[in-house]
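Given the coordinates of chain L, work out where chain R with the ligands should sit on it, guided by the hints.
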Amino acid sequence: MSLAFAILFYVATLVLVVGVAFKVVQYSKTPAPLKIPTTPAPTTTSGVVMRMFREVVFFESLFKSTIWTWIFAWAFHMGLFAVLFRHGRYFHDLLPAVIVGPLKYAAFAMIIGLIGLLVRRFAVNRVRYISAPSDYAMLILLLLIGISGSMMTFVSHVDIVGVKTYFDAWMTLDFDNLILPPDPVLRIHLFLVAVLMLIFPISKLLHAPGIFFSPTRNQVDNPREVRHVAEWAEKL
Amino acid sequence: MATKEFTIPEIQEYIEVPDAPIPDATAHLSPFLAKPMHQEPLGFPEEVVDDWKGETLEAMGDLLGKYRGLRVFMDICVKCGSCTDKCHYYIGTADPKNMPVARQDLLRRVYRRYFTFAGKFWGALGMPGFVGAADLKREMLDEMYSYYHQCSECRRCSVFCPYGIDTAEITMAAREILARVGIGQKYNNEIIGKVYTIGNNLGLPERALEDTLEGLEEDIEDETGVAVKLPLNVKGADILLITPSADFFAEPHVDGLMGYAKVFHEAGVSWTISSSASEAANFGMFIGSYENMRKISLRIREAALELGVKRIIFGECGHAWRVAYSFLNTLAGPFDFLDQSYPIPQHILDFTLGEIEKGTLNIDKSLNDEMVVTFHDSCNVARASRIGDKPGSQFTIPRAVIKAVCNNYVDMDPDTIYEKTFCCGGGGGLLTDDLLELRIKGGLPRMTALQTVTEEYGVTHMAAICAICKSQFTKILPYYGFDMDQIVSVHQLVSSALILTGQVDEDDDTESGEEAA
Ligand code: HEM
Ligand code: HEM
Ligand code: SF4
Ligand code: SF4
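Going down the list, the sequences are from chains L and R.
If you read the first sequence in the numbering used here, its first letter stands for residue 1, the second for the next number, and so on.
If you read the second sequence in the numbering used here, its first letter stands for residue 1001, the second for the next number, and so on.
Next up, chain L with everything else stripped away, as it sits in the complex (with noise of 0.2 Å):
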């Protein structure tokens, strides 16, 4: 079992990195042949560069869009986010303890959040109308994932050193001391990240590296001033 797992997240691993470095890749070589940002856009380099850093840190777009969509999705991902820095410390020592210990509770925002994007999907007509299976299920398995963690951080504990050294073995194939502890709340809880590991690449998750790619927000706005031409417009 603790073999099975191993080879798991090996797998997961690979196409997570070699899945969102090839979208990478195919992104940062498809050429954007027009200057097409959503104007009133700034006019210089660092000026996208804050525009790109409002929207990823704040989502000023949705903000100004819809705040209900907004507050849920702004706890979940924060929330996500201070959970994953925190579950640095499976993997090395690094992390202090001040900021680890108060940010478990990051994991109720996600939870949240989580929980408010799925009733919107359901309860919006509009927004029910878009959602395909795959919508629901996401979420869902984000937020069993959520669940499951909680349950160990909050209800019966799990013992971390024995998830640590685990992790280490892993890191450095020492296939020897391989033991996951027989926690089923732990086991359910890994099955499920290396599910989401394995579906990035190819969902729209993708959004998380995309977002610097889309032109309309990464592009500065100087048309006029500097021609811009895309290698296959240049052959016509």
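Where hints are given, some of them may not hold.
[Stated by the list, open to error] Straight-line C-alpha distance at most 20 Å; calculated DMTMM-like pairs for lysine to aspartate or glutamate: (1) R:K1235 / R:D1336; (2) R:K1365 / R:E1291; (3) R:K1066 / L:E225; (4) R:K1475 / R:E1040; (5) L:K104 / L:D159; (6) R:K1079 / L:E225; (7) R:K1137 / R:E1055; (8) R:K1310 / R:D1238; (9) R:K1310 / L:E225; (10) L:K235 / R:E1291; (11) L:K64 / R:E1040; (12) R:K1403 / R:E1357; (13) L:K64 / R:D1415; (14) R:K1365 / R:E1355; (15) R:K1295 / L:E231; (16) R:K1295 / L:E234; (17) R:K1390 / L:E225; (18) R:K1295 / R:E1040.
[Stated by the list, open to error] DEER-style ranges, computed between Cβ atoms: (19) L:V155 / R:D1062: 24 to 34 Å; (20) R:D1062 / L:V17: 23 to 33 Å; (21) L:F212 / R:D1389: 55 to 65 Å; (22) R:E1139 / L:Q26: 27 to 37 Å; (23) L:A123 / R:G1126: 49 to 59 Å; (24) L:V195 / R:E1058: 31 to 41 Å; (25) L:K64 / R:D1389: 18 to 28 Å.
No wet-lab data here; the hints were simulated from the structure.
Just so we're clear, the structure is a prediction, and the values are computed from it rather than from any experiment.
We treat Cβ as the ideally placed atom computed from N, Cα and C, and that holds for glycine.
Quick look at chain R with the ligands alone, frame taken from chain L:
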């Protein structure tokens, strides 16, 4: 087709977003199909090709490799739904496929099915719908034809999308794919054909253009006693004016053209119109065709070279200004043969504001006193380009010009102006009578905002700087209980407040301005 009975929406107190979508409410709306004679000059197949499926996928693959926007947008939509209430066509028709994301999905489901692992996997299991994919069927192309011609490429959805997903880009790609399969739109393709053979959208030949311009010169002279020229094909002029051909005769466009002529006259610059590039519009953009857009743009370069001008100025037009501002340098540049101390190209409002600020124009604002004016931001100017040198100058410059020539100006609801402006309902190649129902319904949000300022501030006129907006409003205003001449050109306002040097009849006779509506 377009003959089905329909009701004109009633203006409510606020812009109301339909909460419960009505599926297929406008599924019957499709513009006339291009005939073989309209397809052929643009390099598209004359009829639907036998292997429509293969061709669709091939064209799609081709565009995915050429346009990063398309590729990224196809992948990253998270179905958050924040665009669903932003489209004027959804607000006006309640058809769920007019919600921007649903419109994108008509193409995305094909992308998911044939270009992604998830779609291929679930497709092989016979459940492509699980991941929002679908097997391509012939009827789907017709459905795409219908709904991708219910999008005016106005980009309002892109403003509100957390990733800036621009449905206009997807509409353009879809239209190009369809055209390559042999399903083109008559209105757009016919017009592009005219540009190639005659030089402008209206098919107005050189002789007729000459007569028209002479007629306008006479009109101005009759009215003011001053001989203001509208020169055609003058070699060695400083400025080449490129303006939408509607400016040559349609109302209220032509009053705007007379306004530009008067401003040029007072500014004392030499300028000309070119008969070979007597059209600012570029419908190549509407059909998403880079090649056609480029071909149309190159006429402007050639005209500028041939006439040996130093500057290019564009008249009041929305999508034409987008192509001019954002794409002209790319498509037809570099313009190193023009005078680099002026913007290339320059917008007529930028020029006029400059003259107002310099004080070359003798303006009597009171001549517009019987009007209370508001301004409709045209989508392509607002969200796809800029006028002056600062971001947002596309909003401030037109307002500055209007305020310089009118005493009474008010803005509409802040959610309907600036980058949040609502499309007039007729942009993006939909300004054809076979889509009248759509055009009327799509105008609802703007009409609502206009109604509000009419009631609250007694607004009498709405000014615009786009030929399509002006034609569209002329048509739809009466359906909503307004008068068709309540839509005016910004340069028409300039024109009626501008007192020419040596003008005889005006003096203190303030009555002769615009008729109150
Ligand atoms: C650069 C990093 C990221 C940014 C800027 C970002 C931004 C956004 C935004 C603006 C939304 C739309 C609002 C919403 O519906 O929640 C969204 C949705 C979503 N994000 Fe992210 N995200 C990022 C990373 C991630 C990661 C790493 C995951 C998952 C592991 C993720 C999972 C999701 C999911 C599942 C949704 C859809 C929520 C729904 O169904 O309504 N995001 N993201
Ligand atoms: C290999 C990857 C992962 C491992 C080994 C892992 C393991 C664990 C463990 C052992 C706990 C319990 C912590 C404790 O008792 O204090 C936990 C909690 C949690 N996990 Fe994970 N997890 C992984 C990935 C993820 C991912 C990708 C997510 C989110 C999408 C996630 C979400 C959570 C949450 C919300 C909690 C509870 C709050 C917290 O302790 O911070 N986990 N996880
Ligand atoms: S571009 Fe405009 S018309 Fe098209 S879907 Fe978006 S909001 Fe609607
Ligand atoms: S706002 Fe953008 S991400 Fe959200 S549903 Fe619309 S297109 Fe998709």
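- Query: Which of the numbered hints above does this structure break?
  - Reply: 2, 3, 4, 6, 11, 19, 21 and 23
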